[in-house]
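Trainee: Please work from the sequences and hints to get the whole structure.
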Amino acid sequence: MNAGDTAWVLVSTALVMLMTPGLAFFYGGMVRRKNILSVLMQCFFILCLVSVLWVVYGYSLAFAPGTGFWGGFQWSMLNGVGLEPYNDYSATVPHQAFMIFQGMFAVITPALIIGAFAERMKFSSFVIFTVLWLTLVYAPVCHWVWGLGGFLRTMGALDFAGGTVVHINAGIAALVTALMIGRRKNSEKHIPSPHNLPFVALGTALLWFGWYGFNAGSALAANGLAANAFVTTNTAAAAAGLSWALIEWIRNGKPTLFGIASGAVAGLVAITPAAGFVNISGALIIGLLVSVFCYFAAVVIKPALGYDDALDAFGVHCVGGIWGALATGLFATKLVNSAGADGFFYGNPAQLMIQVKAVAVTVVYSGIVTAVLFKAVDLVLGMRVSPKEEDMGLDLTQHHERAYTVLE
Amino acid sequence: MKMVIAIIQPSRLDDVKEELYKADVHLITVSEVLGHGRQKGITEVYRGAKEMGNLLRKVRVEIAVNDNFVEPAVKAIVKGAKTGETGDGKIFILPMEQCIRIRTEERGSIAIG
Numbered sequence: 001m002n003a004g005d006t007a008w009v010l011v012s013t014a015l016v017m018l019m020t021p022g023l024a025f026f027y028g029g030m031v032r033r034k035n036i037l038s039v040l041m042q043c044f045f046i047l048c049l050v051s052v053l054w055v056v057y058g059y060s061l062a063f064a065p066g067t068g069f070w071g072g073f074q075w076s077m078l079n080g081v082g083l084e085p086y087n088d089y090s091a092t093v094p095h096q097a098f099m100i101f102q103g104m105f106a107v108i109t110p111a112l113i114i115g116a117f118a119e120r121m122k123f124s125s126f127v128i129f130t131v132l133w134l135t136l137v138y139a140p141v142c143h144w145v146w147g148l149g150g151f152l153r154t155m156g157a158l159d160f161a162g163g164t165v166v167h168i169n170a171g172i173a174a175l176v177t178a179l180m181i182g183r184r185k186n187s188e189k190h191i192p193s194p195h196n197l198p199f200v201a202l203g204t205a206l207l208w209f210g211w212y213g214f215n216a217g218s219a220l221a222a223n224g225l226a227a228n229a230f231v232t233t234n235t236a237a238a239a240a241g242l243s244w245a246l247i248e249w250i251r252n253g254k255p256t257l258f259g260i261a262s263g264a265v266a267g268l269v270a271i272t273p274a275a276g277f278v279n280i281s282g283a284l285i286i287g288l289l290v291s292v293f294c295y296f297a298a299v300v301i302k303p304a305l306g307y308d309d310a311l312d313a314f315g316v317h318c319v320g321g322i323w324g325a326l327a328t329g330l331f332a333t334k335l336v337n338s339a340g341a342d343g344f345f346y347g348n349p350a351q352l353m354i355q356v357k358a359v360a361v362t363v364v365y366s367g368i369v370t371a372v373l374f375k376a377v378d379l380v381l382g383m384r385v386s387p388k389e390e391d392m393g394l395d396l397t398q399h400h401e402r403a404y405t406v407l408e
Numbered sequence: 001m002k003m004v005i006a007i008i009q010p011s012r013l014d015d016v017k018e019e020l021y022k023a024d025v026h027l028i029t030v031s032e033v034l035g036h037g038r039q040k041g042i043t044e045v046y047r048g049a050k051e052m053g054n055l056l057r058k059v060r061v062e063i064a065v066n067d068n069f070v071e072p073a074v075k076a077i078v079k080g081a082k083t084g085e086t087g088d089g090k091i092f093i094l095p096m097e098q099c100i101r102i103r104t105e106e107r108g109s110i111a112i113g
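Respectively, the protein sequence lines represent chains A and B.
To convert, note that position 142 of the first sequence is 142 in this note's numbering; the numbers rise steadily by one, no gaps.
To convert, note that position 82 of the second sequence is 82 in this note's numbering; the numbers rise steadily by one, no gaps.
Since the hints were derived computationally from the structure, they do not count as laboratory data.
Here a beta-carbon is modelled for each residue, glycine too, at the ideal position from N, C-alpha and C.
Any given hint might turn out to be false.
[To be verified] Selected chain A positions facing chain B (in silico; Cβ < 10 Å):
#1 Arg32
#2 Lys34
#3 Lys189
#4 Glu390
#5 Thr397
#6 Arg402
#7 Thr405
#8 Val406
Mentor: Here's what the structure looks like:
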């Protein structure tokens, strides 16, 4: 047990917790004013719901030594998850500290999907869908990549802080739900504008701040690797913010706040799997290029194909996540992390193929199971609010509240 | 000269604007208002405190037009705002005494367009 490591992991846990409210504002600012409370509510509801599910059975399913598919139920109610370190996951911090750190990842992942179906999903159905998704998609995928005996971990796939588990996983689920729930009403002619860009900027700032815990905390120790992850994270976010703004400057004549914020988040997504495996030049290239791919996905591909990924959960998290996972296979070096592997540019082309396989497995599994779960809930409860409720907004119709008064 | 005032659903504003442009009516003023007619307001709840029959958000569109533009403007508003549901709104047409363009101090019909 190490006091410094334990302190850093607990502080990182608190940082990652703050990302979910940050995401709530990031997304909340992008929706129309009649729907902001619904987005904040979905995020806060997930924070409460998944926090409870995680200690009851979620952590056990994801991390208990089990089959290759998922962990068992033997750690339910934190049975056997004590205050001593569990050496196979974190040799220097209490097992419960590792558990709660992972819990915050489990909270934010389903919250990321909200961006795809925002402004039109029935709240009760959203709750059921989230429980099912956490259990049957997040827990298994998390186990494969990080759990003892997980087959992607055994295969040697590199995912430092959750590019595959969190971002590709949620991002592909976002595309599937956006396709299945359908476009927002009247959105073909007039794409709804974001109602509060200052909230988007606030949310971006909170996400960026929390991401230090997400990535540097994933070193699970207060050491040089954590510092490397911290520096690569900040560098990639900054480079991606700049390059998104630059793309807009060239294409539209003016850089936008919304653009630089989107770019920064895309950079954070892309560096996530790589943060503890690449050096600063790797981080710069990852950051500079991710905005090109995500911009293309959100601004060119999405309108061309016509799916309504309302807040670009797929365009930023899945596309950025896949680039990050592949880039890890390109730029990883053992000079940064001896427990990692060398990538393509450091004489080990095989690593890139391993990364491709891990991405493909996640996309296929998460995509198919998300579709099945969505269809099941849709058949039983109906996923979408009525057209009338959609017009009036989810704040009033799903929660009987409104965010802004007109008079006083 | 008439003043056309329409109270419509906020979500129909984009379509109403589009129809008005098509009808060559470009000068409009829009404001956000609260109200309800036959459509009852929705009950809101804040920490258990119920607010019954609260007013709903509507959009008010004001257009000053010359007489020959009244019917095209009305048709455009109906086309953009009508869903067939309760709460689609109303259009009021009022006589207008005078219209003055501040920049040039022109008066009457010429000042409208």
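Trainee: Please verify that hint: Arg402 of chain A, Cβ, nearest Cβ of chain B, below 10 Å or not.
Mentor: Holds, because the Cβ-Cβ distance from Arg402 of chain A to chain B comes to roughly 7 Å (cut-off 10 Å).
Trainee: So, Lys189 of chain A near chain B? Judge it on the closest CB pair being under 10 Å.
Mentor: holds (7 Å)
Trainee: Hint validation: Val406 of chain A versus chain B, beta carbon distance must be below 10 Å. Holds or violated?
Mentor: Hint on Val406 of chain A: holds, closest Cβ of chain B at ~5 Å, below 10 Å.
Trainee: Do the numbers back the hint for Lys34 of chain A, that is, is its least Cβ distance to chain B under 10 Å?
Mentor: OK, holds: Lys34 of chain A within 10 Å of chain B, min 8 Å.
Trainee: When the nearest CB of chain B is found for Glu390 of chain A, is that gap smaller than 10 Å?
Mentor: holds (8 Å)
Trainee: Identify whether the interface hint at Thr397 of chain A stands, where standing means a beta carbon of chain B within less than 10 Å of its own.
Mentor: holds (7 Å)
Trainee: Holds or violated: Arg32 of chain A as interface residue toward chain B, Cβ cutoff 10 Å?
Mentor: holds (9 Å)
Trainee: For the hint on Thr405 of chain A, does the least C-beta distance to chain B fall short of 10 Å?
Mentor: Holds. Min distance 9 Å.
Of the hints listed earlier, there is not a single one the structure fails to meet.
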